[in-house]
Amino acid sequence: MESGADASPLIAKGDSVKRCNAWLAGLAMTLVGVFLTGCGAESEPPSGPLVPEDPSVGSAAAPADPGLDASAERPGDASHVPSDRRGTLDDPTQRPGDPDLSRDRAITSIDQLIDALRQRNPGFDGENIDIQPISADLLQLAINDPAVKDISPLKRQRIAILDLRFCDVVDLSPLENMPISQLYLEDNRRLYDLRPLRGMPLHKLYLANTEVESLAPLRGAPLMELNAVGTRIKDLSPLVESPLQLLWLSDCPVTDLSPLNKLGLVSLTLENTPVDDIGPLAGSRLQRLHIGGTKVTDLTPVGQMQLHRLIFTPSRIERGLDAVRNSKTIREIGTDFDQRMPPEQFWRLFDEGEKTP
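Residue numbers are given in my numbering: position 100 of the sequence shown equals residue 100, and the series is strictly consecutive.
Hints should not be assumed to be uniformly reliable.
[Claimed, not checked] Derived CB-CB ranges, DEER-like:
no.: 1; residue 1: T300; residue 2: P342; range: 18 to 28 Å
no.: 2; residue 1: S237; residue 2: D351; range: 40 to 50 Å
no.: 3; residue 1: G283; residue 2: E241; range: 15 to 25 Å
No lab work stands behind these hints, which were simulated from the structure alone. Values in this document were obtained by computation on a predicted structure and should not be read as measured data. Glycine included, C-beta positions come from ideal geometry on N, C-alpha and C.
Sequences are here, hints too, so could you generate the full structure?
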């Protein structure tokens, strides 16, 4: 392999020969794939809704009915955190002339990474960090420590999955131009600027309990999951070009849902938002909708949806209850996520006056 190959500085030594062969084989397959793609017809998108596995509640297999995935409206602790792994790692392959390499000491082992983070983050003891390879040249890294504010040692690392939950990061610029597809930033409570993420190949982005207000840097991102619970996000228009399927907006100041009317959303959580109109969602492929605690008073648009689950606040509804009661697709209904039940049971309790919060 040439010294200029684009391999990660943090890939384990023991498999270097195997990974060299794997890299060459992968390159050959890539070239064949590019040739075939260029010569063939444009591939069709999936015919049915793809419901990605939810990293928020563990690694259990998805239920048989994706429309009733109990985890899909409650993002929380992620199952992407790997088991502890430490070891000796390869020297990085460096591209001649890279201006950053002339200024920064190359990080070639986990211990060096921990030392660099300690130097820049007084109070960080190096315990809440985990790393492992996930491919021949990509890494999965988790750092979950409120003492971590400066993540500059991550610059230039080939990280695909990055978990920085519960840190105190404000500046994401060291992540610019990194190949990150999954990024978890929950509870970085001073974080507000997503501009360094522009152009990143993000599929999953979790921003809960941050100060983020603008999604503009994410315009055109290939996002499939976005958790923005408890942020200051109001404008959803930057999401119109993304293939979003799962979206959590609880406790956000969002009011206008019109940017979502052409998305292929499967699950949407709007709990405790000032949203008062779900009309833009009529005719969508949405399967799960949580509007409990919102200002919605008219459920008539539900009659034009194929919902499997609906959570709402009955005492606020002035119109459209019949559309819900007559739905042929709803299989779970409730006034709270933890009190979902079959429609027959719900309406029996409702008619008896027991479900009128």
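The hints, checked one at a time:
1. T300 to P342: 18 to 28 Å: holds, 23 Å
2. S237 to D351: 40 to 50 Å: holds, 41 Å
3. G283 to E241: 15 to 25 Å: Check passed, 20 Å falls within 15 to 25 Å.
Of the numbered hints listed earlier, not one is contradicted by the structure.
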